[in-house]
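Protein chains: 2
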Amino acid sequence: MKAHVYVTLKRTVLDAQGQTVADALRRMEYKNVTDVRQGKYFLLTIEDGIDPEEARVEIERIAREVLTNPVIEEFTFRTEA
Amino acid sequence: MKAHVYVTLKRTVLDAQGQTVADALRRMEYKNVTDVRQGKYFLLTIEDGIDPEEARVEIERIAREVLTNPVIEEFTFRTEA
Numbered sequence: 001m002k003a004h005v006y007v008t009l010k011r012t013v014l015d016a017q018g019q020t021v022a023d024a025l026r027r028m029e030y031k032n033v034t035d036v037r038q039g040k041y042f043l044l045t046i047e048d049g050i051d052p053e054e055a056r057v058e059i060e061r062i063a064r065e066v067l068t069n070p071v072i073e074e075f076t077f078r079t080e081a
Numbered sequence: 001m002k003a004h005v006y007v008t009l010k011r012t013v014l015d016a017q018g019q020t021v022a023d024a025l026r027r028m029e030y031k032n033v034t035d036v037r038q039g040k041y042f043l044l045t046i047e048d049g050i051d052p053e054e055a056r057v058e059i060e061r062i063a064r065e066v067l068t069n070p071v072i073e074e075f076t077f078r079t080e081a
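In the order they appear, the protein sequences are chains B and X.
By the UniProt record's numbering, the letter at position 10 of the first sequence is numbered 10, and the numbering carries on one by one without gaps.
By the UniProt record's numbering, the letter at position 81 of the second sequence is numbered 81, and the numbering carries on one by one without gaps.
In case anyone wonders, no lab produced these hints; they're calculated from the structure.
Hints may be right or wrong, so weigh each one.
Identical copies go unnamed one by one, so any copy, or any two together, can satisfy a pair.
Stated by the list, open to error - Calculated cross-link-like contacts (lysine-lysine; reagent style DSBU-like; alpha-carbon spacing at most 35 Å):
# : residue 1 : residue 2
1 : Lys40     : Lys10
2 : Lys2      : Lys40
3 : Lys10     : Lys31
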């Protein structure tokens with residue numbers, strides 16, 4: 001089973017990396033991009049044969065406790081078989 | 001329109017960050033995670049009123065030419081209205 005975890009800075013936190021990319025795109029010919037936010041992406045491989053609901057609980061805990069800094073970041077995740 | 005771009009190291013490239021996270025999880029109580037790959041996530045906001053097909057072409061170019069180092073990285077992306 002694969003789990004995709006996306007960690008991004010909270011909306012209220014200045015995203016300097018995303019801003020830099022957005023500025024670069026504006027200086028190039030990409031005029032249609034109005035905003036860029038940059039985050040982290042984790043692809044977790046989960047052992048086969050684990051109960052999917054149990055796996056989701058574990059992934060959610062890993063995302064919250066290990067992969068995300070709750071002061072400035074938030075996360076979403078999805079799983080696939 | 002939003003575009004989600006995921007940039008990861010190619011399978012053949014050693015992912016030291018992902019390996020470090022995997023090792024940390026193993027030392028904690030998370031025994032079911034067999035592998036971790038870490039990548040970058042970009043959320044692009046595209047101006048409204050752009051033709052979706054045209055937008056996809058532009059996003060694909062941005063991902064390929066600006067967000068990805070083609071020597072060691074690969075990307076996928078998806079769009080939503």
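**Asked** So which of the earlier hints does this model not fit?
**Response** Per hint list: zero violations.
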